[in-house]
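Whenever a hint applies, use it, and build me the whole structure from the sequences.
Listed in order, the protein sequences are those of chains A and B. Following the working numbering, the numbering of the first sequence begins with 1 at its first residue and continues without gaps. Following the working numbering, the numbering of the second sequence begins with 1 at its first residue and continues without gaps.
What the hints contain is simulated information worked out from the structure, not anything from laboratory work. Fair warning: this is a prediction, and the values are worked out from it, not measured in the lab. Be careful, since some hints might not be right.
If chains are identical, the list can't say which one is meant, so a pair holds when it fits in one copy or spans any two.
Simulated pairs of lysine to aspartate or glutamate, EDC-like, Cα-Cα distance not exceeding 20 Å [as the list claims (entries may be wrong)]:
| id | residue 1 | residue 2 |
| --- | --- | --- |
| 1 | Lys-21 | Asp-286 |
| 2 | Lys-128 | Asp-90 |
| 3 | Lys-294 | Asp-258 |
| 4 | Lys-45 | Glu-167 |
| 5 | Lys-160 | Asp-258 |
| 6 | Lys-180 | Asp-300 |
| 7 | Lys-21 | Glu-223 |
| 8 | Lys-73 | Glu-243 |
| 9 | Lys-244 | Asp-213 |
| 10 | Lys-294 | Glu-167 |
| 11 | Lys-128 | Glu-316 |
There are 2 protein chains.
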Amino acid sequence: MSDRVRVVQFGAGPIGISCLKTVLSKPSHIELVGVIDIDPLKVGKDVGDILGLPEKTGIIVSADANAVLSATKPDVVLHTTSSFLARMYDQLILCASHGANVVSSTEELAYPYHRHPSISVELDRVAKENGVTLLGTGVNPGYAMDALALMATGVCNSVKSITVNREVNAGLRRLPLQQKVGAGITETLFAEKKATGMFGHIGLVESIRMIADGMGWTITRIEEQLDPVVSKKQVVTPYLTVEKGQVAGIHHHAYGYDGEELLITLDLKMFVGAENPRDEVVAESDPPMNLLVKGGIFGDTATVATLINNIPLVMESAPGLKTAKDIPLLRAFGTR
Amino acid sequence: MSDRVRVVQFGAGPIGISCLKTVLSKPSHIELVGVIDIDPLKVGKDVGDILGLPEKTGIIVSADANAVLSATKPDVVLHTTSSFLARMYDQLILCASHGANVVSSTEELAYPYHRHPSISVELDRVAKENGVTLLGTGVNPGYAMDALALMATGVCNSVKSITVNREVNAGLRRLPLQQKVGAGITETLFAEKKATGMFGHIGLVESIRMIADGMGWTITRIEEQLDPVVSKKQVVTPYLTVEKGQVAGIHHHAYGYDGEELLITLDLKMFVGAENPRDEVVAESDPPMNLLVKGGIFGDTATVATLINNIPLVMESAPGLKTAKDIPLLRAFGTR
Chain A
1 MSDRVRVVQF GAGPIGISCL KTVLSKPSHI ELVGVIDIDP LKVGKDVGDI
51 LGLPEKTGII VSADANAVLS ATKPDVVLHT TSSFLARMYD QLILCASHGA
101 NVVSSTEELA YPYHRHPSIS VELDRVAKEN GVTLLGTGVN PGYAMDALAL
151 MATGVCNSVK SITVNREVNA GLRRLPLQQK VGAGITETLF AEKKATGMFG
201 HIGLVESIRM IADGMGWTIT RIEEQLDPVV SKKQVVTPYL TVEKGQVAGI
251 HHHAYGYDGE ELLITLDLKM FVGAENPRDE VVAESDPPMN LLVKGGIFGD
301 TATVATLINN IPLVMESAPG LKTAKDIPLL RAFGTR
Chain B
1 MSDRVRVVQF GAGPIGISCL KTVLSKPSHI ELVGVIDIDP LKVGKDVGDI
51 LGLPEKTGII VSADANAVLS ATKPDVVLHT TSSFLARMYD QLILCASHGA
101 NVVSSTEELA YPYHRHPSIS VELDRVAKEN GVTLLGTGVN PGYAMDALAL
151 MATGVCNSVK SITVNREVNA GLRRLPLQQK VGAGITETLF AEKKATGMFG
201 HIGLVESIRM IADGMGWTIT RIEEQLDPVV SKKQVVTPYL TVEKGQVAGI
251 HHHAYGYDGE ELLITLDLKM FVGAENPRDE VVAESDPPMN LLVKGGIFGD
301 TATVATLINN IPLVMESAPG LKTAKDIPLL RAFGTR
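If you want it as structure tokens, here you go:
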């Protein structure tokens, strides 16, 4: 079919592999034309073999991003290589210079303007020069704790404050997520990991900045705190066991102030044994707004969905560096 | 302030009056520059007098739309004159020809392409010629039963069907809404009103079409049904009393099929005495999605909010005829 979107997958780690499976499940809408990854165990192999499919796809993983982009000229690149922008924004520039729109899972790209102002200016300039859209998004940041909160206020005349509560039962998620939140470790080890500054969720600050920008609010100070959730009982998951008194996961919370006025509260709990998993937006507003996603948004599969569902939206957006609040209304893509 | 949005209110009926109150409550963000209405009781009067304000605003209601638009050159027109497009699309063309973006409460404009294809082509052409955006929206259609449902699917990889349930306690709403849903009339009178074809909610078909378009789904058949909700007990509202056995309100439901496959179900109940008011989106999807607005979106004030919150979005959108699914993410405007 000639109206299929030509897509390159850039990064074939766990999220990239999930993206590839979903991309290949939508053959009427998406044509996979290339895969880029630097892992020596994957380079040179057919994507079908990497995914464990019964048949080969004819798409060979390559470490040469420039060669893949030159040869395939994709409409959109699905980019899943890193959480951190400074490490890889040259990858985004390379995609843009080949005329490809990008949807990236990079958490820091979900709202990059504050943490990386000069990189943001550069990315926006290159995107506009090449007539493409660059977007960082995902479930969180990108949807559950920012875009959905903004959308909820769309029917409000006045809003004094916004609170978002996300509680995830990590016991239902894949092992890397359980490990990422520290399930089964001691409080002492949690404190050590926390001290490295590389532990916990990435994106609460980005989400606060996106909400504030969307609302036209000034934020003068952000406070962020990471605490362990200590398990009150033994919890057994398919992958591991958390004993009573061990760490079950993280409680990561952040607060956006204008002066002494608390405007935005983001409260994220991800732990095994969570009994009330949900996504909840509560606005102190007129009319009042209390929006609930029952059971919560299931991150493992939903993150991939968010990336793929943005494919048509980056194609129809005006060129430039965008965030979830700038593009047309998100919805599922390629479902029939 | 020079960066305030210059707004003309076109239509000063009940919704228009509510818009004016909210517009005047946001003086740091919006400058009211003109009001158009044909009601002889309003023409020539100061808006302050019409709203019962202690002071005059200096804005006089005029019946001469062309003169007001010529003199004021607004950035955006808030348009609230009719539910039906064929009666007044010349008003939209007039606004566009004066270079004004339009946010309209006209229900048929929320998704006009199917019911009014030629008018839609004309409106899109004129909007693009004049570099402006024309948008019809509101709470319903425009948000609760279409845009919010689309947004909910944004984190889903596959979607088989979408159901939206909206239940409104009309007893908490203004008298015209209670009368609009037939509260307190007999079932016989309800049947007579229904037979006129001018009774019930306007917009379910538009909402189905918008969802289908957003999802890329083909709809071959729409079924729509209007039933009375008969009260099981006496209900007293501040405005009227519904006896047991009388009509309490409407149950308006619509179904979108592709062949024999039911894809979209919209179920709207608006009646006095509703005990579980809510807005609910349930997608048969992977991952599953069940989104709930507790207590429901309060239509009287929320409709006005939706119109005003779209002001900055029509200004930044690419020119043309747009619907709620085409513009950047809705959020509250001018709240601080």
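Structure-based check of all given hints:
1. Taking the shortest alpha-carbon separations for Lys-21 and Asp-286, only the inter-copy value of 14 Å comes in at or below 20 Å, while the best intra-copy value is 44 Å.
2. Taking identical chains as interchangeable, the C-alpha atoms of Lys-128 and Asp-90 lie at most 20 Å apart only when both belong to the same chain, with a minimum of 16 Å there against 37 Å between chains.
3. Taking CA atoms no more than 20 Å apart as the test, Lys-294 paired with Asp-258 passes in neither setting, with 31 Å inside one copy and 28 Å between copies.
4. Taking the shortest alpha-carbon separations for Lys-45 and Glu-167, neither the intra-copy value of 39 Å nor the inter-copy value of 54 Å comes in at or below 20 Å.
5. Proximity of Lys-160 and Asp-258 under a CA criterion of 20 Å is satisfied intra-copy only: 12 Å inside one chain copy versus 44 Å between copies.
6. Proximity of Lys-180 and Asp-300 under a CA criterion of 20 Å is satisfied intra-copy only: 13 Å inside one chain copy versus 46 Å between copies.
7. For the homomeric pair Lys-21 and Glu-223, neither the shortest alpha-carbon distance inside one copy (38 Å) nor that between copies (37 Å) is at most 20 Å.
8. In this assembly of identical chains, Lys-73 and Glu-243 lie within 20 Å of each other by CA distance neither inside one copy nor across copies; the values are 52 Å within and 69 Å between.
9. With identical chains, the CA atoms of Lys-244 and Asp-213 are never at most 20 Å apart, being 42 Å at best within one copy and 51 Å at best between copies.
10. For the identical chains of this complex, Lys-294 and Glu-167 are neighbours both inside a copy (11 Å) and across copies (18 Å), given an alpha-carbon limit of 20 Å.
11. In this assembly of identical chains, Lys-128 and Glu-316 lie within 20 Å of each other by CA distance both inside one copy and across copies; the values are 14 Å within and 16 Å between.
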